[in-house]
Amino acid sequence: MNLIENLKQTYRQGNAVTKLIYLNVALYLMLQIFLIVMKLFTLQGDFIFPFLALPSNFSTLLFKPWTLVTYMFLHKDFFHILFNMFALYWFGKLFLMFFTEKQLFGLYFFGGLVAGLTYIIAYNVFPLFSQMADISILMGASGSIMAIIVATAFQAPNMEMRFLLIGTVKLKYIAIAAVLISFFGITSSNAGGELAHLGGALYGYFFIVSLRRGKDHTKSFNKLMDKLSNLFKTRKLKVKHTAASGKKMSDAEYNMTKAKNMEEIDRILDKIKTSGYGSLTSEEKRKLFEQGKG
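By full-length UniProt numbering, the letter at position 102 of the sequence shown is numbered 102, and the numbering carries on one by one without gaps.
Because the hints were derived from the structure by calculation, they are not lab data. You can trust all of the hints, since none of them are fake.
List of simulated lysine-lysine pairs, DSSO-like, C-alpha gap at most 27 Å:
(1) 258 with 223
(2) 223 with 64
(3) 170 with 93
(4) 93 with 271
(5) 227 with 287
Take the sequences, apply the hints, and build the full model.
Structure below.
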């Protein structure tokens with residue numbers, strides 16, 4: 001099996017953290033290769049970053065709405081993506097100890113979205129940034145990662161992380177330090193990034209508070225992703241037969257049935273995470289077994 005196949009298999013079998021890291025690194029490598037090729041032909045390739053990065057100017061954003069999503073996967077400097085991916089790996093793993101992979105995807109997206117909007121609003125409200133509002137752009141996953149850090153810290157404030165030089169530190173202190181560093185940096189040369197961090201942190205807190213009140217905002221994102229995924233299913237899934245009657249099912253019927261089955265499996269997995277495998281009924285165990293076979 002060659003390298004490409006190994007990477008594909010690792011991505012398919014990986015959890016949400018692995019997939020998010022792969023997406024970030026893949027985009028970074030593609031852009032670096034693009035820049036090298038452009039340089040070989042003595043052409044400028046840096047135009048690609050303003051095309052994918054989030055502008056602070058509202059008028060520019062109207063013509064580049066996709067940047068609200070692409071910016072949160074975009075990195076230009078090696079150490080920028082290296083630090084962000086390490087943080088995503090460690091805090092993403094901790095997050096998955098308490099929440100589902102779908103919630104991680106949703107938190108990454110909404111955290112990045114709120115981080116980006118915080119940056120845009122601040123650059124158009126505060127006079128300090130007025131001269132830069134027309135030319136400033138934002139890129140990087142750190143706003144999304146800050147949402148994950150804060151959400152995990154609120155869920156398990158006394159959980160400890162071990163660091164090489166300073167020993168063990170509780171998550172709540174890591175989150176507090178990260179927020180304070182960003183707050184005191186909003187007038188620095190990286191003001192846009194620090195403002196985005198604060199926006200991400202705010203959404204991380206909002207996510208936990210809403211969840212404790214019984215509202216999971218990430219479900220709307222994941223429902224949208226499921227619908228988009230179903231649109232790109234291969235044509236071989238066009239017709240399915242029921243086991244009992246042999247009756248043909250339309251695309252819509254098949255996709256609806258599959259979506260309901262996946263929702264049921266997610267519910268069962270959540271129950272295992274909350275109460276353990278022993279809490280499942282025989283019917284739930286059967287459904288989980290059948291899903292594993294499929």
